[in-house]
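Those sequence lines, one after another, are chains R and P. Residue numbers for the first sequence follow this note's numbering, so the first one is 1 and each next one is one higher. Residue numbers for the second sequence follow this note's numbering, so the first one is 1 and each next one is one higher.
Calculated from the structure, these hints are not laboratory results. A virtual CB, placed ideally from N, CA and C, is assigned to each residue, including glycine. Careful: at least some of the hints might be erroneous.
Residues of chain P placed beyond 12 Å of chain R at every Cβ, according to the derived structure [said to hold, decoys possible]:
(1) P26
(2) L45
(3) S49
(4) H55
(5) N102
(6) A118
(7) V176
(8) G229
Just so you have them, the derived chain P footprint on chain R, three or more residues with Cβ under 8 Å [to be verified]:
(9) 6-18
(10) 157-169
Where chain R lies over chain P, by a calculated footprint (3+ residues, C-beta under 8 Å) [to be verified]:
(11) 30-37
(12) 80-86
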Amino acid sequence: MSNLVELVINGLSLGSIYALIALGFVVIFKATEVVNFAHGSMLMLGAYVIAATHGRIGFPAAVAAGLATAATVGLLIDRLLVSRLRRRSHTALAIVTIGVDIVLGAELARRVGTEVLNMGDPWLDHTWRVAGFTFPVSRLAAIAVALVLIVAFAALVRYTDWGVAMRAAAEDAEAASLMGIRLGRVSMVAWVVAGVLAAVAGLFLATFPSPGLSATASTTALRAFPAVVVGGMDSLSGAVVGGLVIGLAETLAAGYSEQLLFLGRGLGDVAPYAVMIAVLLWRPTGLFGTRELSRV
Amino acid sequence: MLEIRQLSVRYGRAVQALRGVSLAVPAGGVVAVLGSNGAGKTTLLRAVSGTLPLHRGSIDAGDVTFDGARLARRDPADIVAAGVVGVPEGRRVFGRLTVDENLRAGAIGARDRRSRTAARERVYATFPRLAERRDQRARLLSGGEQQMLAIARGLMAGPRLLLLDEPSLGLAPRVVTQVADVVRQISAQGTSVLLVEQNAAMALAVSDHAYVLALGRVALERPSAELAGSAEMRRVYLGEAAWNEHEATPTEREASGTERRPA
Numbered sequence: 001m002s003n004l005v006e007l008v009i010n011g012l013s014l015g016s017i018y019a020l021i022a023l024g025f026v027v028i029f030k031a032t033e034v035v036n037f038a039h040g041s042m043l044m045l046g047a048y049v050i051a052a053t054h055g056r057i058g059f060p061a062a063v064a065a066g067l068a069t070a071a072t073v074g075l076l077i078d079r080l081l082v083s084r085l086r087r088r089s090h091t092a093l094a095i096v097t098i099g100v101d102i103v104l105g106a107e108l109a110r111r112v113g114t115e116v117l118n119m120g121d122p123w124l125d126h127t128w129r130v131a132g133f134t135f136p137v138s139r140l141a142a143i144a145v146a147l148v149l150i151v152a153f154a155a156l157v158r159y160t161d162w163g164v165a166m167r168a169a170a171e172d173a174e175a176a177s178l179m180g181i182r183l184g185r186v187s188m189v190a191w192v193v194a195g196v197l198a199a200v201a202g203l204f205l206a207t208f209p210s211p212g213l214s215a216t217a218s219t220t221a222l223r224a225f226p227a228v229v230v231g232g233m234d235s236l237s238g239a240v241v242g243g244l245v246i247g248l249a250e251t252l253a254a255g256y257s258e259q260l261l262f263l264g265r266g267l268g269d270v271a272p273y274a275v276m277i278a279v280l281l282w283r284p285t286g287l288f289g290t291r292e293l294s295r296v
Numbered sequence: 001m002l003e004i005r006q007l008s009v010r011y012g013r014a015v016q017a018l019r020g021v022s023l024a025v026p027a028g029g030v031v032a033v034l035g036s037n038g039a040g041k042t043t044l045l046r047a048v049s050g051t052l053p054l055h056r057g058s059i060d061a062g063d064v065t066f067d068g069a070r071l072a073r074r075d076p077a078d079i080v081a082a083g084v085v086g087v088p089e090g091r092r093v094f095g096r097l098t099v100d101e102n103l104r105a106g107a108i109g110a111r112d113r114r115s116r117t118a119a120r121e122r123v124y125a126t127f128p129r130l131a132e133r134r135d136q137r138a139r140l141l142s143g144g145e146q147q148m149l150a151i152a153r154g155l156m157a158g159p160r161l162l163l164l165d166e167p168s169l170g171l172a173p174r175v176v177t178q179v180a181d182v183v184r185q186i187s188a189q190g191t192s193v194l195l196v197e198q199n200a201a202m203a204l205a206v207s208d209h210a211y212v213l214a215l216g217r218v219a220l221e222r223p224s225a226e227l228a229g230s231a232e233m234r235r236v237y238l239g240e241a242a243w244n245e246h247e248a249t250p251t252e253r254e255a256s257g258t259e260r261r262p263a
């Protein structure tokens, strides 16, 4: 029983990190209809900058630098590539993001090499014991930070001009531009916000119980893709729900792998995709999605 | 106010949608553009509102000016800021946004907050039904209410010229009358209107001046009162011309073709 409670908390923590990745992915898709395959590298870049600079400038400043770098890369992708190719096909743009991912990912992997970089975070491997349960502090921090960011993001989407413009443009880009909504600006903010969310997720993916940032971090980030699909490509609340579902599924399957041994080993890695396939069979557009995936 | 001179528009490389169209909307006037499907009416509005690139269209000759400033080939948002707002065909309200959020989206082109609040109050006064339903999602409104919302949304940016694309499309006759009343009200409040319609009776009733487009050219241009019920109008607009042309010999067709060019 204590095992279950701890697994659920860990699952929610992992899920909230996936939710941050998925939110960034979905907001880009909603605002520009581009499937961003460079999301994993944006995440890893943010985490790498934190890992590389915290020794000199301290953890808080390093986090600020990591977020700023990931946001800048998002901005550059939007200004240099997306805004120029927007009127061509979205498929072409998706392929361009694969190119960006390869270039950025290869350089980061080269820099990290075989090392496992320490993030310099204040939580280390501390745990918090309460009522017989043991929780890693870094996991609780991840939940708290993700919660704050998700609420802030929801408020941004719901109440600001940009949020109204983004939702309007997502429904009908032509009608939105007739209203004087600048589609380029909507897209730019989406990429910057997605960069920030990805960098935060990158930080928490590399803190305890993970040993640190290794060259494979961007592939770990790909696990958020089932979260996006489960929630629905164009649904922000779906991204959050999908993230939590996938995080829980992965953690529980890994935690009970002893009991589930008859299904084979490494079940934690398989669970997200199994859940994704099950959801797609039931609802082809995801739990909350409205758009068919045919654009991809 | 709005001046369109010898405008030619094409989509891609092949489709020539407009050929040398000239048209003027005077300050405070209501001008109607009539014509059958494919005549180029919507293309004309797209050229004014700057949304041609969204349809892979481009202006290849001619000019569009608004109070002397060039609109052709400018960004849609700049054109809204200049005071020209379009209401697209088929309503196109943001269905998942509430009525209030739709109006807010319409006001994003207007800069300062005070004019936004004023615009919202003015719009709710003009459309009391929308005020009642301000927190409802737009897709739950009836067709007529959605058309009113689409027009109201267009008014939020405080336009000096409103472009209306087939506001009567798919609406019940009683609602068409309401739309006509709204067009008169907008005009009375000092906003000029360029109205594209297939419903000729309605369009001629609310406008001062009318143009008939056929195959991307201005086929006819008259004061609306003169055009209503005229035999010429029936001939060009209701397709009698096309029918006769079909029957006519090549030389006759050529002759009637030159006759239909604007003076």
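Which hints, by number, does the structure contradict? 2, 3, 4, 5, 9 and 11
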